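Number of protein chains: 2
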Amino acid sequence: MKKVSREARVSQGILHYYFADKRAILVAALGAVMDDLDARVRAAQARSGPDAAARLRALIEASLRTALEAREVWVVFVEFWGEMMHDDRLRAINAGLYTRMRRLIGALIRQGTRRGQFRPVEPTRAAAVILGLLDGVALQLTFDPEAFDVATATRFCQEALGRYLAR
Amino acid sequence: MKKVSREARVSQGILHYYFADKRAILVAALGAVMDDLDARVRAAQARSGPDAAARLRALIEASLRTALEAREVWVVFVEFWGEMMHDDRLRAINAGLYTRMRRLIGALIRQGTRRGQFRPVEPTRAAAVILGLLDGVALQLTFDPEAFDVATATRFCQEALGRYLAR
Chain A
1 MKKVSREARV SQGILHYYFA DKRAILVAAL GAVMDDLDAR VRAAQARSGP DAAARLRALI
61 EASLRTALEA REVWVVFVEF WGEMMHDDRL RAINAGLYTR MRRLIGALIR QGTRRGQFRP
121 VEPTRAAAVI LGLLDGVALQ LTFDPEAFDV ATATRFCQEA LGRYLAR
Chain B
1 MKKVSREARV SQGILHYYFA DKRAILVAAL GAVMDDLDAR VRAAQARSGP DAAARLRALI
61 EASLRTALEA REVWVVFVEF WGEMMHDDRL RAINAGLYTR MRRLIGALIR QGTRRGQFRP
121 VEPTRAAAVI LGLLDGVALQ LTFDPEAFDV ATATRFCQEA LGRYLAR
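If you're matching them up, the sequences are chains A and B in order.
Mapped onto the working numbering, the consecutive letters of the first sequence carry residue numbers 1 to 167.
Mapped onto the working numbering, the consecutive letters of the second sequence carry residue numbers 1 to 167.
These are calculated hints, taken from the structure and not from any lab test.
Watch out, some of these pointers could steer you wrong.
Identical copies go unnamed one by one, so any copy, or any two together, can satisfy a pair.
Derived SDA-like pairs: lysine to any residue, alpha-carbon spacing no greater than 20 Å straight-line [claimed, not checked]: (1) 2 with 108; (2) 2 with 83; (3) 3 with 106; (4) 3 with 72; (5) 2 with 113; (6) 22 with 61; (7) 3 with 49; (8) 22 with 88; (9) 2 with 21; (10) 22 with 33; (11) 2 with 143; (12) 22 with 107; (13) 3 with 22; (14) 22 with 83; (15) 2 with 147; (16) 2 with 158; (17) 22 with 85; (18) 2 with 144.
What you are looking at is a predicted structure, and each value in this text was computed from that prediction instead of being measured.
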């Protein structure tokens, strides 16, 4: 708390007025970066049009671009994960978040399957695959920007998920 | 350091004799869990036989099982990642580790492609897909063991990667 108040140039009293403790700051930070990520994905999907395959491609590209354009998103995720490893309340918040993301991606899959764009798959499991690949590849981009670039990563993720969902 | 010496029931002097600082403990912990993960993957691949597709399946299953059987592996990874976000030396160690893993998985892909089991792919990029999916799904298993079980996760990852590499 002391370090945060110094960096933010506010008194510790003011900081404590808004945030009871370190956990409250972390929860607020997670909420803020999730809102940012959501807004980026929604904007990309608004541009891509209503087609499920195009919306999936937009999700992939927007998620991976954050690793470069909004590095703080992944810094906050990783800091939150480290803290939640010994904090059940934070872990419950994260589990809720992942359940929600799998449900959102699952709805996209279901739409694509209904329209005949994707093969029939169990939507929540397919969502776990998509979310897993995006998390894992975004982490590699965040950890080591020299390994490959966002455009390359977007291409190989779209190829992998395209093949996964192809009829 | 104080907390570690208390938990390990050794004096701070002894702890400082073996580890100069917190960073040195983290690096040693990462080395230990990587050795554990390597040994589990090698043992599974020794049982699976020399066939590239079977060795890939063994890699998938052994990696995902650690999320349940050796939870400390993922706890150490996540703690290490959190720390390295503001430590260039730790980040370089992690980048080296990921390069090595992509190279190892890339060699497996190359072998399978040569034998006609996998379609021709750029081995390092295919390795980034495989590593990304395994990291991402293992994180979901570690974060929320209620969401799906290891057997289910192994099945959907094998299906996704099987389709990705199918000729």
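Going through the hints against the structure:
| no. | hint | result |
| --- | --- | --- |
| 1 | 2 with 108 | neither (44 Å within a copy, 49 Å between copies) |
| 2 | 2 with 83 | both (18 Å within a copy, 19 Å between copies) |
| 3 | 3 with 106 | neither (40 Å within a copy, 43 Å between copies) |
| 4 | 3 with 72 | within (18 Å within a copy, 29 Å between copies) |
| 5 | 2 with 113 | neither (52 Å within a copy, 56 Å between copies) |
| 6 | 22 with 61 | neither (32 Å within a copy, 37 Å between copies) |
| 7 | 3 with 49 | neither (45 Å within a copy, 54 Å between copies) |
| 8 | 22 with 88 | within (15 Å within a copy, 24 Å between copies) |
| 9 | 2 with 21 | within (11 Å within a copy, 22 Å between copies) |
| 10 | 22 with 33 | within (17 Å within a copy, 29 Å between copies) |
| 11 | 2 with 143 | neither (28 Å within a copy, 29 Å between copies) |
| 12 | 22 with 107 | neither (35 Å within a copy, 44 Å between copies) |
| 13 | 3 with 22 | both (11 Å within a copy, 19 Å between copies) |
| 14 | 22 with 83 | both (10 Å within a copy, 16 Å between copies) |
| 15 | 2 with 147 | neither (36 Å within a copy, 37 Å between copies) |
| 16 | 2 with 158 | neither (44 Å within a copy, 47 Å between copies) |
| 17 | 22 with 85 | both (15 Å within a copy, 18 Å between copies) |
| 18 | 2 with 144 | neither (31 Å within a copy, 32 Å between copies) |
The structure fails hints 1, 3, 5, 6, 7, 11, 12, 15, 16 and 18 (numbered hints given earlier, in ascending order).
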